[in-house]
Each structure stands twice: as structure tokens, then as C-alpha cells.
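**Student:** Each chain, written out:
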Amino acid sequence: MQKYSGFGLLKHSMSHHENWQRVWRNPAPKKHYDVVIVGGGGHGLATAYYMAKEHGLTNIAVVEKGYLGGGNTARNTTIVRSNYLWDEAAHLYEHSLKLWEGLAQELNYNLMFSQRGVLNLGHSLQDMRDIERRVNANRLNGIDSQVLNNAQVQAKVPILDCSKNARYPVMGASWQARGGTARHDAVAWGFARAADALGVDLLQQTEVTGIRRKEGAVCGVETNRGFISANKVACVAAGNSSTLAKMVGIDLPLESHPLQAMVSEPIKPILDTVVMSNHVHGYLSQSDKGDLVIGAGIDSYLGYGQRGSFNVVEHTIAAIIEMFPIFSRVRLNRAWGGVVDTCPDACPIISKTHINGLYFNCGWGTGGFKATPGSGQVFAHTVAKDEPHPLAKAFNIDRFTSGKLIDEHGAAGVAH
Amino acid sequence: MLHIHCPYCEEYREEEEFNVVGEAHIVRPTAPEELSDEQWASYLFFRKNPRGLHHEMWAHSHGCRKFFNMTRHTVTYQIMETYKMGLQPSIIAEDTK
Numbered sequence: 001m002q003k004y005s006g007f008g009l010l011k012h013s014m015s016h017h018e019n020w021q022r023v024w025r026n027p028a029p030k031k032h033y034d035v036v037i038v039g040g041g042g043h044g045l046a047t048a049y050y051m052a053k054e055h056g057l058t059n060i061a062v063v064e065k066g067y068l069g070g071g072n073t074a075r076n077t078t079i080v081r082s083n084y085l086w087d088e089a090a091h092l093y094e095h096s097l098k099l100w101e102g103l104a105q106e107l108n109y110n111l112m113f114s115q116r117g118v119l120n121l122g123h124s125l126q127d128m129r130d131i132e133r134r135v136n137a138n139r140l141n142g143i144d145s146q147v148l149n150n151a152q153v154q155a156k157v158p159i160l161d162c163s164k165n166a167r168y169p170v171m172g173a174s175w176q177a178r179g180g181t182a183r184h185d186a187v188a189w190g191f192a193r194a195a196d197a198l199g200v201d202l203l204q205q206t207e208v209t210g211i212r213r214k215e216g217a218v219c220g221v222e223t224n225r226g227f228i229s230a231n232k233v234a235c236v237a238a239g240n241s242s243t244l245a246k247m248v249g250i251d252l253p254l255e256s257h258p259l260q261a262m263v264s265e266p267i268k269p270i271l272d273t274v275v276m277s278n279h280v281h282g283y284l285s286q287s288d289k290g291d292l293v294i295g296a297g298i299d300s301y302l303g304y305g306q307r308g309s310f311n312v313v314e315h316t317i318a319a320i321i322e323m324f325p326i327f328s329r330v331r332l333n334r335a336w337g338g339v340v341d342t343c344p345d346a347c348p349i350i351s352k353t354h355i356n357g358l359y360f361n362c363g364w365g366t367g368g369f370k371a372t373p374g375s376g377q378v379f380a381h382t383v384a385k386d387e388p389h390p391l392a393k394a395f396n397i398d399r400f401t402s403g404k405l406i407d408e409h410g411a412a413g414v415a416h
Numbered sequence: 417m418l419h420i421h422c423p424y425c426e427e428y429r430e431e432e433e434f435n436v437v438g439e440a441h442i443v444r445p446t447a448p449e450e451l452s453d454e455q456w457a458s459y460l461f462f463r464k465n466p467r468g469l470h471h472e473m474w475a476h477s478h479g480c481r482k483f484f485n486m487t488r489h490t491v492t493y494q495i496m497e498t499y500k501m502g503l504q505p506s507i508i509a510e511d512t513k
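So the protein lines, in turn, are chains A and B.
In terms of my numbering, the first sequence is residues 1 to 416.
In terms of my numbering, the second sequence is residues 417 to 513.
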């Protein structure tokens with residue numbers, strides 16, 4: 001792998017940038033791999049990278065039915081934070097945030113990770129009680145978190161309507177200074193390039209059509225490019241996880257919903273942090289390109305169509321304008337949808353299954369992007385060692401039968 | 417935005433008047449204490465999540481406020497039919513347990 005550096009940029013400029021090495025290979029599928037990872041999004045690529053790097057498994061492949069990072073990795077609103085309420089979730093997301101902090105150096109790829117801080121606004125007394133509870137819980141877990149009052153919020157974001165005249169006046173907020181944003185595509189590309197350099201085969205346009213079993217254990221995947229034999233199959237397919245599970249008769253407690261997001265036209269720098277509000281239900285940040293990146297909640301019906309209904313877009317924009325009247329004349333550039341797999345307790349499933357050699361990492365719902373490196377690392381461990389990573393133990397599929405749910409809904413910011 | 421025919425109002429109305437409730441035709445166990453943990457979990461948490469036709473319950477929340485059922489395709493979002501509570505669909509989804 002060619003190392004990227006300032007000097008390299010200068011050197012390649014001499015030859016008009018025509019001699020850059022390909023970022024990753026495009027190999028033909030081998031007959032057999034030790035592990036096949038189904039799903040070439042951020043989580044799948046991160047899983048491959050950590051599996052190769054930390055567990056020495058290099059005869060592995062990532063199969064992706066479209067192109068790398070073309071699903072939810074390309075469709076999210078790029079927010080990274082770890083201020084979750086419950087210990088299990090907080091530890092997992094904080095682990096991930098710590099990985100984010102050194103990731104660009106480690107991957108030698110500019111992820112444009114910007115710790116610009118994340119505000120979660122409170123608009124009612126109950127909001128503020130919940131925020132205080134969550135901030136206290138975060139601090140007990142060693143996560144930086146702070147309660148801000150109305151004046152402190154206004155000082156951080158002068159363009160936010162913090163007046164008493166607002167329909168839902170801002171009473172305060174929680175503030176995580178280490179939260180922020182990262183360039184979503186770069187995360188997939190960075191992991192893909194690093195995994196490829198370690199010998200992982202990235203097989204694009206390879207759709208899994210079946211999972212073959214022999215004597216109760218997995219022995220490979222059927223694809224549109226033929227059968228690929230494998231000792232272990234790790235599924236990281238977000239919205240399509242249920243479809244994969246159904247191939248082997250496993251039920252997952254998932255529902256796939258459309259989640260929409262949108263960007264405005266690029267404008268000059270005006271917002272240097274991430275602002276989220278569960279109450280009026282919208283969140284936004286400004287990308288380095290200058291466009292406002294806006295998101296809200298899922299469309300409430302099931303949908304695999306990667307698009308949603310216009311009334312959801314309308315509600316989202318109403319919420320944003322309520323918070324930021326200054327943006328009332330900004331024009332939207334694009335809106336799109338992704339398919340998110342939501343779990344009843346709004347927490348992921350990182351788990352072995354009753355079929356030997358088959359693993360699932362799914363159910364991240366609306367907030368998986370922030371967990372990309374952490375999810376990959378704990379899942380790689382779970383698959384390679386065939387036992388759950390200590391941080392993943394609580395996210396086993398059996399929690400729905402045992403009743404030991406991790407109820408992040410409502411308590412810790414439904415919005416992601 | 418979906419354009420939904422309410423079988424009670426017998427009118428097409430816009431999606432904003434409605435709320436989706438979830439999978440239709442779920443039968444509440446009559447003797448929950450006799451169920452195993454797996455059966456109870458299945459009743460509480462495990463829903464069909466088909467890529468294709470889906471029977472789901474909706475409520476005409478800002479209209480007649482009645483519940484009704486709908487058969488809808490989850491990829492094309494095409495609504496095949498809506499029908500009153502207590503009735504069975506005339507178009508049956510493949511994935512019917």
C-alpha cells in the first residue's frame with residue numbers, strides 16, 4: 001500500500017496525479033475463505049480490517065451486492081458521539097469514540113474527523129431532568145458530558161433561537177465536547193483500503209443468494225458469482241439482515257424502516273457544532289463543504305425502498321426552522337433515504353447464532369455510523385474467537401428471551 | 417406520501433392522517449402464563465420483516481380514529497388493499513406463519 005503523505009501529494013503533482021496506485025484491488029472470488037463477511041458497508045469493512053489486523057485472519061472476504069459503502073454508510077448524517085444512558089451502550093459507544101480519535105492516523109486516511117461537540121437540546125422540565133440524569137450517568141462512566149443552561153447554549157450557538165418566544169423554548173442542553181462528525185465515505189474507503197492492504201478480498205457486485213449449511217454448521221455462501229466456501233459467515237447487512245436470516249430460518253427481532261436525510265445548498269461557515277433536539281425532532285450540522293446536513297426520525301412504516309414519505313421531510317424542516325429561523329430561506333439540495341434495521345430496545349445485536357459459524361451484527365437502527373470502528377472491532381473478536389467480546393456480551397440475541405433489554409429508547413436521545 | 421383508502425370512511429386520504437401500528441393479525445395469547453420464554457418473546461418482540469407483501473395495521477388517527485388493516489409491498493410501497501378489522505386479506509403475503 002502506498003502511504004499517503006504531504007510529500008506524496010507533492011511528488012504526484014509532478015506527474016499530474018496520473019500515477020496514483022489503485023486504492024484497493026478488485027479480485028476474483030477464491031474458492032474458499034476462512035471467514036466471509038456479508039455486507040461491505042462501514043461496519044463490514046471495519047470488521048474485516050480488525051479481523052485481519054488483530055486476529056491474524058487474512059484469508060477473508062467481504063461480499064457486497066452493490067459497491068463499497070453504498071448503503072447506510074453513504075446515507076447517514078455523520079454524527080459521532082457516545083453520551084448514551086445505560087452502561088452497556090455507553091461502554092460500547094465510548095470504546096468506539098476512543099477508536100475514532102486515533103483512526104485517521106492508524107488507517108493513513110483522512111477521515112475528516114472533527115470533534116466539534118454535540119449539543120442535545122432540552123425544551124421542557126422533563127427534558128432537562130432526563131438530560132441531567134444522562135449527563136450524570138455518562139460522567140460515572142468516564143464520558144465527558146456537561147449540562148448547559150440557556151445562556152451557555154446561546155453562547156455556543158448564536159444563531160439558535162434561544163428566546164422565550166420560541167414555540168418550544170430552549171431550556172438547556174447536554175454537551176459532549178468530544179463528539180462531532182466524520183466524513184462518512186472516507187470511513188468506508190479508509191477501512192477498505194487498509195483491509196485490502198492486509199490481504200482481505202473485497203468482492204463487489206457479489207450478492208448473497210443463500211447460506212449453505214452442512215451438519216448444522218455453516219459451510220459457505222451461494223452468490224450470483226457462484227458458491228464461495230467458508231468456515232464462518234458474518235452478516236453485517238443492516239436493513240437487509242432479516243432477509244439473510246430468513247435464508248437459514250432464523251428470526252431476528254428487527255424491523256426495517258426508511259430513514260431520510262437531506263442537505264441544503266452549500267453556504268458560508270455558520271454552524272461549528274452539532275445541534276440535536278429530540279423534542280422538536282431534528283438535528284443538523286454543517287459539513288466542511290458548507291451544506292447543512294439535516295436528519296430526523298424514521299418513517300414509521302416498514303420499507304426497503306431507500307426512500308420515504310414527503311411529510312417526514314416537511315416535519316424535519318419545520319423543526320429545523322423552529323430552532324434556526326435564520327435558515328428559513330436556505331434551499332435544499334438533495335434528500336434521500338436509507339433502510340435502517342431497528343431493534344425493539346434501540347440497541348444493536350452482536351451475536352453468535354444457534355448455527356455454528358454464523359454470526360450477526362445488526363439492529364443498529366438509526367445510530368450505527370458513530371459505532372463503525374467499535375462495532376467492527378468487537379464483532380471481529382466475536383467471530384474470530386467464537387465468543388463474544390466483553391463489550392458485546394450484553395448485545396446477545398438471547399436478551400429478547402431473557403428480558404435483559406438495554407432500553408435506550410427515550411432515555412438517551414432517540415435521535416442519532 | 418402514501419395515499420390511503422380508509423375502509424370505514426370509504427375515502428382516499430393522505431398519509432398524514434394515519435398512523436401505522438405494526439404487523440396485523442397478531443393474536444394475543446389467551447394464557448400467557450403457559451407460554452415458554454421463547455413463545456412470549458416471539459409475541460412481544462419478533463415481527464415479520466418481509467421484503468415484499470406485508471399485512472399491517474393502521475389507524476385513521478386524524479379521521480374516523482378506527483383501526484384497519486392494509487396489505488402493502490415494502491419495496492414498491494404499493495398498497496394492494498385495505499380491509500376492516502376482523503376480515504382476512506384477499507391478497508395473501510407469502511410469508512404468513
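Just so you know, these hints were derived from the structure itself, not from any lab.
In this text, a Cβ means the ideal position worked out from N, Cα and C, and glycines have one as well.
Incorrect hints may have been included.
[As the list claims (entries may be wrong)] Not close to chain B: a few residues of chain A, all C-beta gaps over 12 angstroms, as computed: (1) Arg25; (2) Asn149; (3) Gly239; (4) Asn240; (5) Lys246; (6) Leu252; (7) Lys289; (8) Leu302; (9) Asp345; (10) Arg399.
[To be verified] In silico SDA-like cross-links for lysine to any residue, where the CA-CA straight-line distance does not exceed 25 angstroms: (11) Lys393/A / Glu449/B; (12) Lys482/B / Asp453/B; (13) Lys404/A / Glu449/B.
**Student:** If a hint holds in the structure, say so; if it doesn't, say that too.
**Tutor:** Do the hints match the structure? See the list:
1. Arg25: Given a closest Cβ separation of 31 angstroms, the condition holds.
2. Asn149: Its Cβ never comes within 12 angstroms of chain B, the nearest being 36 angstroms, so this holds.
3. Gly239: Since the minimum Cβ distance to chain B is about 9 angstroms, Gly239/A lies within 12 angstroms and the statement is violated.
4. Asn240: violated (8 angstroms)
5. Lys246: Nearest chain B Cβ is 8 angstroms from Lys246/A, so the label is violated.
6. Leu252: violated (8 angstroms)
7. Lys289: holds (30 angstroms)
8. Leu302: Contrary to the label, Leu302/A does not stay out of reach of chain B, its closest Cβ about 5 angstroms off (not over 12 angstroms).
9. Asp345: About 9 angstroms separates Asp345/A from the closest Cβ of chain B, which leaves it inside 12 angstroms; violated.
10. Arg399: The claim is violated: Arg399/A sits with its nearest Cβ about 9 angstroms from chain B, within 12 angstroms.
11. Lys393/A / Glu449/B: violated (29 angstroms)
12. Lys482/B / Asp453/B: violated (33 angstroms)
13. Lys404/A / Glu449/B: holds (19 angstroms)
In summary, the structure is inconsistent with hints 3, 4, 5, 6, 8, 9, 10, 11, 12 from the numbered list given earlier, while agreeing with the others.
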